[in-house]
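Student: Taken in sequence, the protein lines are chains A and B.
Take any residue in the first sequence, count from 1 to its spot, add 56: that is its number in the numbering used here.
Take any residue in the second sequence, count from 1 to its spot, add 325: that is its number in the numbering used here.
Since the hints were derived computationally from the structure, they do not count as laboratory data.
Any given hint might turn out to be false.
[To be verified] Listed next, the in silico DSBU-like pairs over lysine-lysine satisfying Cα-Cα at most 35 Å (straight line):
#1 B:K475 / A:K228
#2 A:K252 / B:K490
#3 A:K161 / B:K407
#4 A:K260 / B:K414
#5 B:K475 / A:K70
#6 B:K422 / A:K260
#7 B:K495 / A:K228
#8 A:K161 / B:K422
#9 B:K388 / B:K332
#10 A:K70 / A:K253
[Said to hold, decoys possible] To give a feel for the contact side, a few chain A residues facing chain B, derived at Cβ under 7 Å:
#11 M129
#12 F133
#13 K161
#14 N188
#15 N200
#16 R201
#17 D203
#18 Y204
#19 K260
#20 D261
Where a beta carbon is used, it is the ideal one built from N, C-alpha and C, also for glycine.
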Amino acid sequence: MDKKDIKEIEKQMKLANEGLPEKERILFSDVRPTTVAPLNKYLENFLNWARARSLWIIGYGTGCGAMELRPLMTSRFDMSRFGIAPRPTPRQSSVFVIGGYASIKTIKRIVRSYEQMQGPKFVIALGSCTINGGMYYDSYNTINRLDYYIPVDIYIAGCMPRPEALIAGFNKLKEKIQTGECEGMNKYAENFDWYKKNQKQIIKDWNMPDYNW
Amino acid sequence: MEYLLNKIKKMIKFEASIKQRDDLYFITVKKEQLELILSYLRDNEGFTHLAFLQAVDYLEDNKFQLTYMLYNYDIKVNLGIKVYIDREKAEMVSIHKFWAHSWQYQRELHEMYGINFPGSPRVEESFVLEGWEEIPPMRRDFNTLEYSIKTYYQRPGRSTNDPAKYMKEKMYKKYAESPKIRRDND
Ligand code: SF4
Numbered sequence: 057m058d059k060k061d062i063k064e065i066e067k068q069m070k071l072a073n074e075g076l077p078e079k080e081r082i083l084f085s086d087v088r089p090t091t092v093a094p095l096n097k098y099l100e101n102f103l104n105w106a107r108a109r110s111l112w113i114i115g116y117g118t119g120c121g122a123m124e125l126r127p128l129m130t131s132r133f134d135m136s137r138f139g140i141a142p143r144p145t146p147r148q149s150s151v152f153v154i155g156g157y158a159s160i161k162t163i164k165r166i167v168r169s170y171e172q173m174q175g176p177k178f179v180i181a182l183g184s185c186t187i188n189g190g191m192y193y194d195s196y197n198t199i200n201r202l203d204y205y206i207p208v209d210i211y212i213a214g215c216m217p218r219p220e221a222l223i224a225g226f227n228k229l230k231e232k233i234q235t236g237e238c239e240g241m242n243k244y245a246e247n248f249d250w251y252k253k254n255q256k257q258i259i260k261d262w263n264m265p266d267y268n269w
Numbered sequence: 326m327e328y329l330l331n332k333i334k335k336m337i338k339f340e341a342s343i344k345q346r347d348d349l350y351f352i353t354v355k356k357e358q359l360e361l362i363l364s365y366l367r368d369n370e371g372f373t374h375l376a377f378l379q380a381v382d383y384l385e386d387n388k389f390q391l392t393y394m395l396y397n398y399d400i401k402v403n404l405g406i407k408v409y410i411d412r413e414k415a416e417m418v419s420i421h422k423f424w425a426h427s428w429q430y431q432r433e434l435h436e437m438y439g440i441n442f443p444g445s446p447r448v449e450e451s452f453v454l455e456g457w458e459e460i461p462p463m464r465r466d467f468n469t470l471e472y473s474i475k476t477y478y479q480r481p482g483r484s485t486n487d488p489a490k491y492m493k494e495k496m497y498k499k500y501a502e503s504p505k506i507r508r509d510n511d
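Sequences and hints are given; from them, build the entire structure.
Tutor: Rendered as structure tokens:
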């Protein structure tokens, strides 16, 4: 392979950012996400242990299920017992709780926020709406399966799930993190093109960079 | 209120009037007379508040019905003005000059039903649907289930039960069999 070929491949690997106007493309990154290999076994185990004990959820409720986050946060169910606390921005958080149905307008923001979160990041989807569309399965404006657009670690079924169910889900998530199964971020990087294809299929007016971080 | 209706009746010929409740009346007027009657009611009769503006799709009659709901704070009466417009060439005068906030309703109607309001500010901007390419989704000839199946990946294995039958079978079996408990239908 000579230099020209390598350049050609490099160019293909870059993201086109076609949704942006020409003069803004230079302002945004065109690098794809990359997978992160685990560190050596003991260190990774320790890190996973630590990660599972400090979950920061992003305060972005997308559907009616987000209502249940309020009792969860406040004194009755008090999620800070479990080392879970809300954060205001995606940059500072590690868990994304999708609270139910996601309309097209919302999924656009979900994708953007999800990509801006720093790894390792986890997604909990609550409510039957995120699983198979729930009672909005025939709606023209809500998605039916969330895992086609972003990787999901835990689903919590119910319409809507009670805070107890959420706590159970969070505990399950902790277990999964500790065993190192929550590889959503790597999955996203590996299947990046597939996720992007699905996202672009429904978000018709794609006016943001292809990968926002 | 009857007095007022009679007064309006003398002014213009309206097609129908309904008294639904003591404080809720509807009148149906012609499309061309709408501006006249709205300005009259707002300026002279104290119907100063536009509560909402909404549309109903009468697919069978090939018509849209627009309802302008007005409210009078003095006599505490709601008055709905109904207008029928053609469904194919759905167009209506914009009333943003009478009530400034009505542009938002008109924008929504434009997006959801495809009704044109020439001159209304920002009416072309998308409201809920971003980048919508099909026919407006609240029109009744738009098949949402078909669209959903086509666009969003259905998860297989979805099933539905008739709630009444299902509850009888599963939940109230014990009660249904027990002779001691009286049920409504016996
Ligand atoms: S599953 Fe039920 S509660 Fe949750 S978002 Fe859907 S409709 Fe709302």
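Student: Has the given pair, K388 (chain B) with K332 (chain B), been kept, meaning a C-alpha gap of at most 35 Å?
Tutor: holds, 28 Å
Student: K422 (chain B) and K260 (chain A) were given as a pair; does the straight-line alpha-carbon distance stay at or below 35 Å?
Tutor: Since the Cα atoms of K422 (chain B) and K260 (chain A) sit roughly 34 Å apart, the hinted pair holds (cutoff 35 Å).
Student: With 7 Å as the cut and Cβ atoms as the points, is D261 (chain A) at the interface with chain B?
Tutor: With Cβ-Cβ at 3 Å, under 7 Å, it holds.
Student: Grab the minimum C-beta distance from F133 (chain A) to chain B and call the hint holds if it beats 7 Å, violated otherwise.
Tutor: violated, 28 Å
Student: Do the numbers back the hint for N200 (chain A), that is, is its least Cβ distance to chain B under 7 Å?
Tutor: N200 (chain A) check passes; min Cβ-Cβ to chain B is 4 Å, inside 7 Å.
Student: Does K260 (chain A) pass the interface check with chain B, least Cβ-Cβ distance below 7 Å?
Tutor: Holds, about 3 Å.
Student: Would you check the hint for K161 (chain A) and K407 (chain B), treating anything up to 35 Å between C-alpha atoms as holding?
Tutor: Distance ~32 Å between K161 (chain A) and K407 (chain B) Cα, so the pair holds.
Student: K475 (chain B) and K70 (chain A): Cα distance at most 35 Å?
Tutor: Holds, because 31 Å separates the two Cα atoms, which is no more than 35 Å.
Student: CA of K260 (chain A) to CA of K414 (chain B), is that 35 Å or under?
Tutor: Since the Cα atoms of K260 (chain A) and K414 (chain B) sit roughly 27 Å apart, the hinted pair holds (cutoff 35 Å).
Student: Does K161 (chain A) pass the interface hint, meaning its C-beta sits closer than 7 Å to a C-beta of chain B?
Tutor: Interface hint status for K161 (chain A): holds (5 Å vs cutoff 7 Å).
Student: The hint names R201 (chain A) as touching chain B; please verify it with the least Cβ-Cβ distance against 7 Å.
Tutor: holds, 5 Å
Student: Please work out if K70 (chain A) and K253 (chain A) have their alpha carbons no farther apart than 35 Å.
Tutor: holds, 16 Å
Checked against the numbered hints above, the structure breaks hints 2, 11, 12 and 17 and satisfies the rest.
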